[in-house]
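Asker: What follows is each chain in one-letter form.
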Amino acid sequence: MSLATESQTGSPLQSVLGWLLRNHIWVFLALTVVVFSLASPYFLTVNNIGNILTQGAFIGILAIGMTLVMIDGEIDLSVGAILALASALAIGLQDHMGVWPAVFLGLMSGAALGFVNGTLVALSGMHSFIVTLGGLIGIRGLVFVYSGENALMVQDFSYTEIPEIYIGPISLTAMLFLALALFFQWVLSSTRHGRETYAVGDNIEAAHDAGINVKRHKIINFTICGTLAAVCGILLSMRLGTAEPNAGKIWELWTIIAVVLGGTRLQGGFGSMWMTIGGVLTLAVLRNGLRLLNTPNYVELMVMGGVLVLALVLDKLLNHKGDT
Amino acid sequence: MDDVILKVEGITKTFPGVKALDNVSFDIRPGEVHALVGENGAGKSTLMKALAGLHKPDSGQIVYQGAPTEVTGPLDARQKGILLIHQELSLSPELSVAENIYLGAWPTNRFGVLKKRELRRNASKALEALGCGFGPDVRVGTLSVAMQQMVEIARAEAFSANVVIFDEPTASLTDTEKDQLFHTIRGLKARGVGIVYISHKMDEIFDITDRITVLRDGQVQGTVDTADTDLNQVTRMMIGRTLDTFFVKAKAEFGEEVLRVEELSKSGLFQDVSFSVREGEVLGLYGLVGAGRSEVVETVFGVRRADGGKIFWKGGDIALPTPRQSIDMGMALVPESRKEQGLVLMMGGRENTSLPHLSLFSELSVMNRPKELATFEKYRSALSIKTTGPDQAVSQLSGGNQQKFVLAKWLCADPKLIILDEPTRGIDVGSKSAIHELIADLAERGLAVIVISSEMPEVLGVSHRVLAMSEGAVVAEFEGDDMTEENLIDAVSHHRGEAAA
Amino acid sequence: MGQTINGVLRRHGLILAFLVFLGGVALNADAFLTPGNILDVLRQVSITGMMALGVTFVVLTGRLDLSVGSLLTLLTVIVVDQHNIAGPFPAIVMTLLVGVAVGAFNGLLVGFVGLNALIVTLAMLSFLQGLVLFYSGGSNVNVANAQETWFGVFGRGDFLGLPVPVILFLVGAVIAGLVLQFTTFGRRVYGVGGNETASIFSGIDARWTVFWTYVVSGFTTGVAAVIMGSRVMGAQNTIGQGYELTVLAGVILGGTSLLGGSGSIWRTVIGISMLGFIQNGLLLLGFPYYVQWLVTWAVIIIAVWIDLGAKRGRIFA
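Protein sequences appear in the order of chains A, B and C.
Under the numbering used here, the residue at position 287 of the first sequence is numbered 287, and the numbers go up by one with no gaps.
Position in the second sequence counted from 1, then plus 1000, gives you the numbering used here.
Position in the third sequence counted from 1, then plus 2000, gives you the numbering used here.
Do not take every clue at face value.
As the list claims (entries may be wrong) - Here are the simulated DSS-like cross-link-like pairs (lysine-lysine), alpha carbons at most 27 Å apart as the crow flies: (1) Lys215/A with Lys1115/B; (2) Lys1386/B with Lys2311/C; (3) Lys1189/B with Lys1251/B.
If you're looking for bench data, these hints aren't it; they were derived computationally from the structure.
The following block holds chain A by itself, in its conformation from the complex (with noise of 0.2 Å):
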């Protein structure tokens, strides 16, 4: 889409603001640091951008995958279990195997999830709604099932230290999470990928026509999104240090509120990762402010609600071509 917008009007000017009316959310995003930076004088702080950004990376992190789902025109509602089984395994089996074999199967458990999920899209035909919330159901009675009730705990402390490199104020987590995202805008922008990523999206039957192969696709994109989710749930399990069975719990409905506030459609074909950096940034930024104001939590959960029926009722305003 870079390719598209830069290009498409002479002046630079002009692009700026074709930018902005495609990802509105920045000029939000813009509008709230405004407000809390006034409203706070610990808001505009390096520490505490720093905290933003790594209070922001977990679901980021499962933003990025969703994103590329949602552009397809599906949607995932499993990550939160998958992130806390691939927490839960790469800390239970640590004792066993040491610690990088241990992360890696948590990896691969996501990724297998991921590809179990897509191929039952691909294969049953059913809407992705249904098989990931048996997914969202089912896995998490995985996570107890190897887990049981009680938190699992890491042995060796090194182990949360991991994580624990920064780069400024800027944390390993949120510094993933923005070179993760910007790879994936690479891939959506860039590559064969990507670009079939909007075409299924968009227009299924016309990329089936032009021979791409939409089952293969859509199940490689399921297989990333269970991927990230496991990356998202090994990251906290550093970061805690111990794997709670109900890690991630409705962490689901964070990342579709992040992705859709950016801008992205749930009904496929629109969006970025630009965007989806923006819902991302918004709601931490929200979040964060909200709590540095000292405003009891329900305000924050009030507020949510309410700015995602506004960005949807903005969204409809500024493209009414909604319905494509």
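Let chain A serve as the given structure and place chains B and C on it in line with the hints.
Answerer: Showing chains B and C alone in chain A's frame:
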């Protein structure tokens, strides 16, 4: 035979109940524009889909560049150099022009990374060859329909197609855009591409094509050189005299005026449409596809909102009604698309019949099932609908029987005015004449009837009075002895000629 | 003959498999098919079942309602808290009214503004969670005079040997089923879900129809909250968390299509009861409670796939 690129030899294709293509043969020469004309359901789209590999013919073969060829799908067709340009464009609005031209066949390196420069360069070349006014980087969603069509045509350049099939390419183009399209088509022609041009619009066909092949009921009626023929001959071939063209016309005994429409307008669709219809009268509304006929009646019925104009019901101004108000007044609309607008396909005949009149079939909001069943049975036998029972999903019925349920659902409430939009499209001959008889019967019972059709004999056969529509305007009205095919054709094509000039 | 068996298997394969499951559990756990245990299962099912009745209306129009779990929490907190303040009867009335109001708001946004149902009700889920914390101040509420009030009858009472919640659920199911099958409203719901355009061409106002289904969903969640509050005699801030998923799973399991237009109340009753019996049966067999989730996963996939495959005439898409 080196002057033929593509040859269709004796293709037959049967669908359950219908012989869509019956031993069809025709050929395309390089550098010619070959029109494929026929009424709706004549088999044009089936033939086209067979060429693009979407339908596998039961018998017969396609000879391409001298060799028998099997086309397995649109991609295969494209790679072989046969390009189909559909009415519904097969583009991805979010992708750039260049990406759409090469949709699914992008140049990439080993790792699947796009070679954007190569893609742009090739696409630019194709666009320049066509003389397109936009670059390869523009997002397709921001282009007008005409420009999007150019993107599809650019595929012909990009894949050096030998045959390009256009299906109703001007359906949503303005006149200037149409001229540009024709310019492009002539360009392709000059480079030796063979072009199949499918259209309802006769003036275009005489403007751009070299030969015309007429299809009727799945059979080729003949192929003629455009220069040696005229509109009348082609129309006659399309309509045919041999079919059962026996129409029953209702007795011309008219009562009070039921509906009057004054200067109804909706921007972009139709302008200043006025007409009226009386009890016992059958008013025909003739026009080619895209003339705005359906849009007018949908607006009268209330499914669409007009920008301006007045609607009078039995002399009273009813402003702009909602469908509910129209139905309650006694208006009925048998819509153009049976499956999308007419029926809830998963429901049975019983439930579909009562759907528009739930309050008539209920007391205190509780459905009166015996009454529903009685009505269902009444119309099942009156219209001789073939169904296994009141709850057999109408999706399982044939087109004719489905259409009869659409009629039943409106007739059961004794409407004062019934509007029939293409009531016989895509249904078998037997059901057709049954519906024609029904129209006459309804009018004799005192209903006002409006019949929309693009089949000229049908309109002339059943109506007392005919309005000709073209490009969103009523261009002529004929009554009595003036109701002839020549006059209708004249009115519609003359107007188009004027508009183009 | 072979064909009919095939047809029966296709149409009712799931129910047959379920009966086999019931039989299998009964052979291994004597307590399973006793009247007492069955009533226990039904008592547990009554709350999700009651909610599922309303959600079925919404799903039949081709929409979704994910807000019912949070709504259940909110309404349970309200009914318990107001019981202490205003007494049982006003508390119940207030609960039902709030339920209807929230449903109406969802209906307004989805039906009239035309926003995406998934996102609207997701936003409502978040908003209502906030509202719960706002209302309760983060603490749990309990019925103060649990021994004296008649409020307990909805969740704990028995009538003619049947638990009152089960009676409420079954009566609710019968009413909902009758409304869908025999009233003009029911017909409009199926019409809009089956083919919205054709329904509009038939003079049906799709916006109002969708609106009212959300009101129904809010109302049945209100009734479920009364049962819940009465059974627990208290409410935590997370009491309804995740219920929206169980409810939806039950509706889907019954075979009601998310695309709208096909499904029914009795299917929902079967789907949600199956979930209850699976859960209970696995517990009786000695499995930990979370094993039911795995089974639910498998059952949902298999059930919906079979359903789809039967409609499509072949298994793979």
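Asker: Compare the structure with each hint and give your call.
Answerer: Results of checking the hints against the structure:
Of the pairs offered as hints, the one joining Lys215/A and Lys1115/B holds, with about 24 Å between alpha carbons and a cut-off of 27 Å not exceeded. At most 27 Å may separate the alpha-carbon atoms for a hinted pair to count; Lys1386/B and Lys2311/C meet this at roughly 22 Å. For the proposed pair Lys1189/B and Lys1251/B, the alpha carbon gap of about 53 Å is over 27 Å, so the pair is violated.
The structure shown violates just one earlier hint, number 3.
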